[in-house]
Each structure stands twice: as structure tokens, then as C-alpha cells.
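If you're matching them up, the sequences are chains E and U in order.
Letter by letter, the first sequence follows residues 1 to 610 of the numbering used here.
Letter by letter, the second sequence follows residues 1 to 147 of the numbering used here.
In case anyone wonders, no lab produced these hints; they're calculated from the structure.
One thing to keep in mind: the hints can contain errors.
[As the list claims (entries may be wrong)] What follows is a list of derived Cβ distance ranges for each label pair: (1) E:Asn437 / U:Lys101: 30 to 38 Å; (2) E:Asp428 / U:Pro66: 50 to 58 Å; (3) U:Leu79 / E:Ile55: 52 to 60 Å; (4) U:Pro66 / E:Lys306: 28 to 36 Å; (5) E:Ala59 / U:Glu134: 22 to 30 Å; (6) U:Pro66 / E:Leu58: 12 to 20 Å; (7) U:Phe86 / E:Asp298: 53 to 61 Å; (8) U:Ser100 / E:Ile55: 35 to 43 Å.
Note that beta-carbon positions come from the ideal geometry of N, C-alpha and C, so glycine has one too.
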Amino acid sequence: MAIIRSSDLDFDTIKTNLKTYFQKQSEFNGYNFEGAGLSNILDVLAYNTHLNGLIANLAINESFLNSSQLRSSVVSHAENLGYSPKSKTAAEATVNLSLDTTDTATAVVTIDKFATFTGVAEGVTFTFQTLEDVSAVNDGAGNFSFQTGAGSTSIPITEGSVITKTFIVGETTEDQVYVIPDPNLDTKTLAVEVFDTVTSSTSNTHNNINDSVRIDADSRVFIVRETPNGFFEVLFSDGKVLGKAPEAGNKIEIKYISSNGADANDISTFEAESVVSVSGVNYSLAVTTVSNSAGGSDKETIQSIKFNAPNNFTSQQRMVTSEDYTALISERFSSVIDDVAAWGGEDNIPKEFGKVFVSLKFKDNISDSVQSNTKSKIVSELSDNLAIMSIDTEFTDPIDTFLETTTTFNFDPDQTSSSLENMQSLVDTAIADHFTNKLNRFDSVFRKSVLLTTIDGLSPAILDSGMTVKMQRRLSPTLNTVKNYTITYPSVLAEPDDVNVIIQSTRFLFSGGVECVIKNKLGSNILQVFNNATQDILQDNAGTYDTFTGTISLVGVNIESIVGGDTIKFTAVPLNDDTIRPLRQYVLQHDATVSASAGTQDFQNTKTTI
Amino acid sequence: MPAKAYSLEDGNLSNKPIITSQTKTYNDIDLSFKKKTTGDVFKKTDAAAVKQSIKNILLTNRLEKPFNPIFGGDLGRFLFSLDTEFDEDDVRDRIITAVSKFEPRASVRRVNVEIAPDFNSVLVDVVFQILATEEQDTLTVSLTRLR
């Protein structure tokens with residue numbers, strides 16, 4: 001008897017299997033003719049099996065986080081791991097607001113919260129608004145400069161519309177969840193107030209459970225989660241666990257910002273939508289941008305949820321290991337941060353016990369004030385609550401280490417219609433793409449063979465390739481001051497050589513306007529200052545470099561000015577340029593200005609002409 | 001191992017009379033699904049099986065059969081066209097093409113088409129020959145719009 005395989009999903013294969021079965025019997029032989037009745041029955045059977053197979057396949061796929069395709073399934077799996085996928089995030093800008101009036105009698109002017117401003121990005125107008133009252137004191141000449149409640153003249157304005165939803169709580173047995181049918185909701189802006197009655201004016205504030213550190217019987221928390229159709233729903237305690245629950249007849253007022261996400265980023269000009277009345281006279285509000293709008297982001301993607309949910313589960317809402325810091329900071333602040341690196345003080349150079357070092361790579365156009373605010377929030381909202389006592393969080397800036405590459409390749413013109421110049425351009429682009437896509441992040445290791453494999457694969461005309469790699473750090477010295485400097489590379493440096501220089505700087509002015517460079521003495525790790533024109537030694541011992549720690553120590557150097565830029569580039573030869581592993585806060589970038597690629601024509605002719 | 005024997009009453013089929021039936025070339029299920037007194041469905045054999053198949057082909061519209069969108073005579077389309085847009089020859093060509101394409105057991109010998117525009121109907125007689133037996137048979141199909 002023919003075996004009917006149940007694992008096939010394709011309609012034709014299933015039908016063929018059924019036909020194979022019928023070949024073994026003699027009762028009916030019309031199965032092989034498309035018009036026959038039996039063929040129609042086989043169609044129905046195969047179609048049914050096909051559909052059942054597909055449904056089973058889909059159902060099994062959707063049962064696991066890694067193989068889920070539907071956003072609703074991914075979100076559901078993430079919630080089982082205690083991870084709330086990120087909603088849209090509203091962009092934020094900071095502005096100075098002022099009024100220029102002729103009124104000297106009015107002492108204070110207050111602008112209520114939700115004052116609106118407009119800004120344009122790529123032809124689309126977006127609305128921004130203040131989220132708190134701002135006020136200004138008359139300077140005596142009728143001029144008002146507005147400040148936040150905390151006294152800052154940098155006033156944050158947030159993109160989006162403020163929406164209010166009101167619900168009346170039903171009987172406890174109804175087990176209500178409160179649906180907000182708005183896919184653009186920014187969950188971070190949710191404000192939930194519960195009033196005793198519909199007409200009551202006093203209310204109790206409920207906080208997002210994700211922001212709660214400890215919950216007792218008197219806590220008032222809410223849970224917000226994404227629904228399968230992409231909307232959101234708000235849930236409360238049942239009154240037994242997770243604190244107090246709203247009671248029947250209460251009124252729930254939910255306010256939030258409905259945002260356009262990333263579309264409203266990078267707006268530089270804002271205009272006030274309404275005028276301000278001072279003693280009955282309307283004045284236009286002058287708006288000066290302090291920082292462009294930034295931080296707006298779209299809903300977290302499926303891929304991102306799949307990556308972040310397990311990491312977040314691993315951290316278990318506590319900050320103990322470096323991965324915990326990375327996971328929690330990434331989760332909370334991904335709208336402004338591209339990448340996070342964290343390491344313990346025992347791994348730092350120099351070692352500093354009792355500290356955790358965190359380096360943040362902010363997205364482009366994130367203002368200094370937002371960066372500073374983000375660091376404060378990381379400490380106040382995360383590490384103060386979730387980290388081990390007496391362990392301090394210290395922020396360090398990312399350190400860019402540039403790689404200088406010299407690429408050579410053999411090129412057979414018979415294999416392609418491209419010229420040598422085009423091929424060199426292709427190689428340069430491939431190197432630039434490699435650094436942009438594969439590196440330029442924390443913990444991204446440069447592996448020469450991977451890049452060379454990419455270059456070899458660009459065209460059959462590229463027969464082989466080679467590369468030398470040097471590391472470059474940039475120093476911004478204090479000019480006209482005798483000073484010591486330390487420059488650290490992320491990798492072990494080459495041993496001194498009698499022929500080749502290991503350390504080499506770019507030009508600067510030294511000792512009365514002489515154009516100089518710093519190089520190591522051949523065969524030694526001592527650094528010397530050379531006259532760039534004559535190669536005379538102007539300072540015999542300007543410091544040393546340490547091979548093992550990858551550190552340059554400049555001692556007592558007085559730099560008068562820098563030639564051709566605002567930094568001095570220090571290039572060092574690594575001991576092993578096959579792999580350069582950026583530890584801690586190092587980020588590898590490519591310096592295309594001092595990198596080059598050169599091809600050599602190779603017709604692959606192996607015969608010798610005598 | 002000894003062969004197990006059962007009485008005729010208990011359904012010992014190995015004791016059937018030797019002369020039982022003649023071999024049928026084509027066997028198919030009767031799509032009317034009428035059942036015999038035994039509860040089994042009737043079969044269609046030889047010319048009747050092919051005739052059922054041709055009828056099935058002619059009455060199937062294109063895109064109707066799953067994963068085989070070009071299958072069918074697609075005659076129903078004529079019923080929803082103006083009578084000035086097609087004539088008997090169009091219907092005849094369509095039938096000959098469909099049968100030759102999807103029914104290799106038969107060859108169409110003659111097709112008579114009668115279009116009755118006043119009644120929105122087409123009456124078709126297909127005379128075909130079974131290739132294996134050279135037996136001829138006629139299929140009459142009447143297509144009428146219900147609305």
C-alpha cells in the first residue's frame with residue numbers, strides 16, 4: 001500500500017500522493033483525468049489537507065517568539081516574558097519663549113499648559129505643546145522671559161495631540177479593561193486619574209506599574225498593554241493584589257499624547273499658534289529654538305521585540321550584571337539612545353571598584369540638555385531603585401577609534417567591463433558600507449578577513465586582496481600649555497621596530513612656531529618631537545608608549561597650534577591587525593581621508609616569455 | 001501459518017464464482033452520489049464515465065478549480081454576454097478545445113449548438129468517441145440563466 005505522507009503542504013504534492021495511493025487499487029481508475037468525478041473528490045481532499053497543513057504550520061510558528069510572524073503573537077509572547085513593547089514616542093524640542101510688550105504694570109504672565117506650537121518637517125506641519133504651565137516676570141520694561149516650574153528658560157515642547165478618554169467603572173464582576181483605540185498612543189505620556197464619582201473634582205493618581213518599585217495594599221497602579229489589533233488597553237488591580245482598584249461608579253480619566261513618532265524629528269523652527277493676552281492686549285509669543293525636535297520614534301518593530309524581550313527577561317528588573325544595565329537602559333531610553341555599553345569598575349582602566357561605568361551612544365541631533373536629562377533619569381529611575389546599594393553609576397562618553405586602511409587587490413581586466421578606477425571606487429564603497437553597517441557600535445569587532453571576503457566577492461575580476469590596518473586616536477590638546485596627555489587604544493600595540501615607526505602624529509606647531517610631528521624613536525618606545533621639514537629632533541623625550549596596555553603617555557608637551565584641523569591624529573600600528581576588538585566604550589570608525597585602496601592589473605598569465 | 005477460512009455467510013470472498021464480471025476500462029464515482037441498496041455509491045463505467053467527465057469539464061468555469069485556474073470549458077461566460085458578441089461557432093470551438101485539452105480518453109466528433117437568445121439559454125449536443133473502444137456517445141447540455 002502506498003504511503004500517504006502527511007508532512008507535505010503543497011497542494012499538488014498532496015494530490016500526487018493520493019493518486020499514488022489510487023494507483024495501487026483497481027476499483028477506480030479515473031483518478032488521473034482532470035474531469036473525472038474521482039479527480040474532483042481528490043481535489044477536495046487535497047485542498048482540505050493543504051489548508052489544515054497550513055493552519056497547523058502557522059499555529060505552531062505563532063506559538064514561539066522566534067518564529068512568530070504576526071505582531072499580535074510577538075507582543076503576546078513578549079508580555080509573557082514581562083516585556084512591554086514600546087509604543088510610539090513623541091518627539092521633544094526645547095525652546096525659549098518671550099514676550100515683548102509695552103505693559104510695565106503687569107508683574108507676572110502665565111501661559112497654561114498645552115499651549116500649542118507648529119513646526120514643519122518635509123512639508124508636513126506638526127503640532128507641539130507645553131506639558132506644564134510656564135510663567136515670566138516683567139523685567140520692568142514690559143519684557144517677559146518664560147521659565148518652567150523648575151526655573152529653566154529651556155522649555156520642553158512635545159509633539160502630538162493631547163487626548164482625553166473618560167470611562168465609568170462598572171461592577172467588579174464585569175472585569176473591565178479600558179480600551180484606547182489609538183495606535184499612535186505614547187504610553188510614556190499616559191496620565192490616569194480616578195474620580196470617586198462622575199461629578200467629583202478630586203481624584204487619585206494611578207501610576208504605570210513599570211515605574212513602580214514597590215507595591216503595597218495602598219498602591220494605585222495601572223497596566224497598559226498593546227492589544228492584538230494594535231490599539232492599547234488599560235487595566236487596574238482587582239483590589240486583592242497590585243494595590244487598590246477603582247470601584248463601581250468611579251470615573252476614570254485617561255490623558256495621553258497621540259504622536260506622529262519619528263516623522264516629527266529634527267524640526268528647527270517653531271511658531272506659536274495663539275497669542276498671549278497681557279492686560280487685555282494680545283501679543284505674539286517669540287519662540288527661539290534651543291534644541292531641534294528629537295527622540296520621536298515609531299512603535300517598536302517585531303524584530304526589536306524579539307531581540308529585547310528575552311534580554312529584558314534575563315535582567316529580571318534588577319541591575320546586577322553589565323547585561324542588566326544594557327538591557328534596561330536600552331528598553332527605557334531607546335528613543336534617544338542608539339547603543340549602550342556597561343562594564344564593572346573592576347574591568348575599567350584604571351580599576352575603580354564600587355562603580356559601574358555606562359557609555360551611551362546617542363542618536364543624531366539629540367541636544368546636550370536631553371542627553372544630560374537622560375543620564376539623570378537613568379540614575380533616578382533605574383540604578384537608584386534597581387541597582388545594588390553602594391554601587392555608583394558613572395557615565396563616560398564613547399571613544400571613537402578610527403581605523404586607517406590600506407587596501408591592495410589584484411584585478412583582471414579581462415573578467416569585467418569596469419575600469420580599474422571604477423573597481424577601486426567599488427572597493428572604497430564596500431569598505432565604507434562595512435564600517436557603517438557592521439561596526440560603528442559598541443562591542444563590534446573588526447575582523448580583517450571578513451572585510452577582505454566582502455571585497456573578494458565584489459567582482460570575479462578581483463582575484464585577491466590584502467589590507468594593512470592602523471589605529472588612530474584624536475587628541476584635542478590645551479594650546480600653549482605644558483601638559484601631560486594619555487591616549488589609549490583598544491588593542492595591544494606593535495613592539496618597537498628598527499625600521500618602521502609604530503607611533504606617528506599629524507602636524508602641529510611647537511617650540512616657537514616650528515611645524516612638528518611626534519614619532520617613536522626607532523627600536524624604542526620613547527616618543528620624540530621631530531621637525532617635520534628637517535626631521536631634526538626637537539624634544540628628545542616627549543613620553544613613551546606601552547605596548548601591552550596600548551597607551552601613549554605624552555609628558556610635558558607644549559603644543560602651540562594644530563595644522564589642518566582642530567585635533568592631532570595619533571596613528572599606531574597594532575600588534576595584530578587581523579582582529580581589533582573595541583573594549584568598553586570604544587567604537588570603531590573608518591577614517592576614509594587617510595585610507596586608500598589600489599588595484600594592480602593581473603592578466604593571470606603564468607607563461608614566461610624568453 | 002495456516003490460511004484462515006470463513007464461511008460464505010461470513011463473507012469469504014475467496015470462494016466467489018469464477019465468472020463474475022467483465023473488465024471495465026474506465027471506472028469512476030457517480031457524482032450524483034446515488035446509493036445502492038448496499039449503501040455503496042453507484043459507479044460510472046466506460047462511456048458513462050467519460051461522458052460524466054466531459055460534462056464536468058464543460059460546466060466548470062475558469063478559476064473555479066483550486067490551483068488549476070485554466071481548467072474548464074467556461075461555457076457559463078457565454079450566458080452573461082450579449083447574444084451579439086458570440087455565435088454558435090464560438091461555443092463549438094470552446095467545447096472542442098476544452099475536451100481535447102482536458103479529456104484525453106475521448107475525441108469530439110460533432111458539436112451542435114442552438115442559441116436561444118429569447119430564453120437566455122444555449123443547448124449543446126456533443127457527439128464524442130471513446131478512443132479505447134471506438135464507442136460513440138452523445139452528451140446534451142442545456143445552459144440557462146436563472147436570473
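Against the structure, the hints:
1. E:Asn437 / U:Lys101: 30 to 38 Å: Violated, since asparagine 437 of chain E and lysine 101 of chain U (Cβ atoms, about 53 Å apart) do not stay within the stated range.
2. E:Asp428 / U:Pro66: 50 to 58 Å: Roughly 53 Å apart at Cβ, these two residues keep to the hinted range, so it holds.
3. U:Leu79 / E:Ile55: 52 to 60 Å: violated (36 Å)
4. U:Pro66 / E:Lys306: 28 to 36 Å: holds (34 Å)
5. E:Ala59 / U:Glu134: 22 to 30 Å: violated (54 Å)
6. U:Pro66 / E:Leu58: 12 to 20 Å: With a Cβ separation near 18 Å, proline 66 of chain U and leucine 58 of chain E satisfy 12 to 20 Å, so the hint holds.
7. U:Phe86 / E:Asp298: 53 to 61 Å: holds (55 Å)
8. U:Ser100 / E:Ile55: 35 to 43 Å: With Cβ atoms ~38 Å apart, the hint holds.
Hints 1, 3 and 5, counting from the list given before, are not met by this structure.
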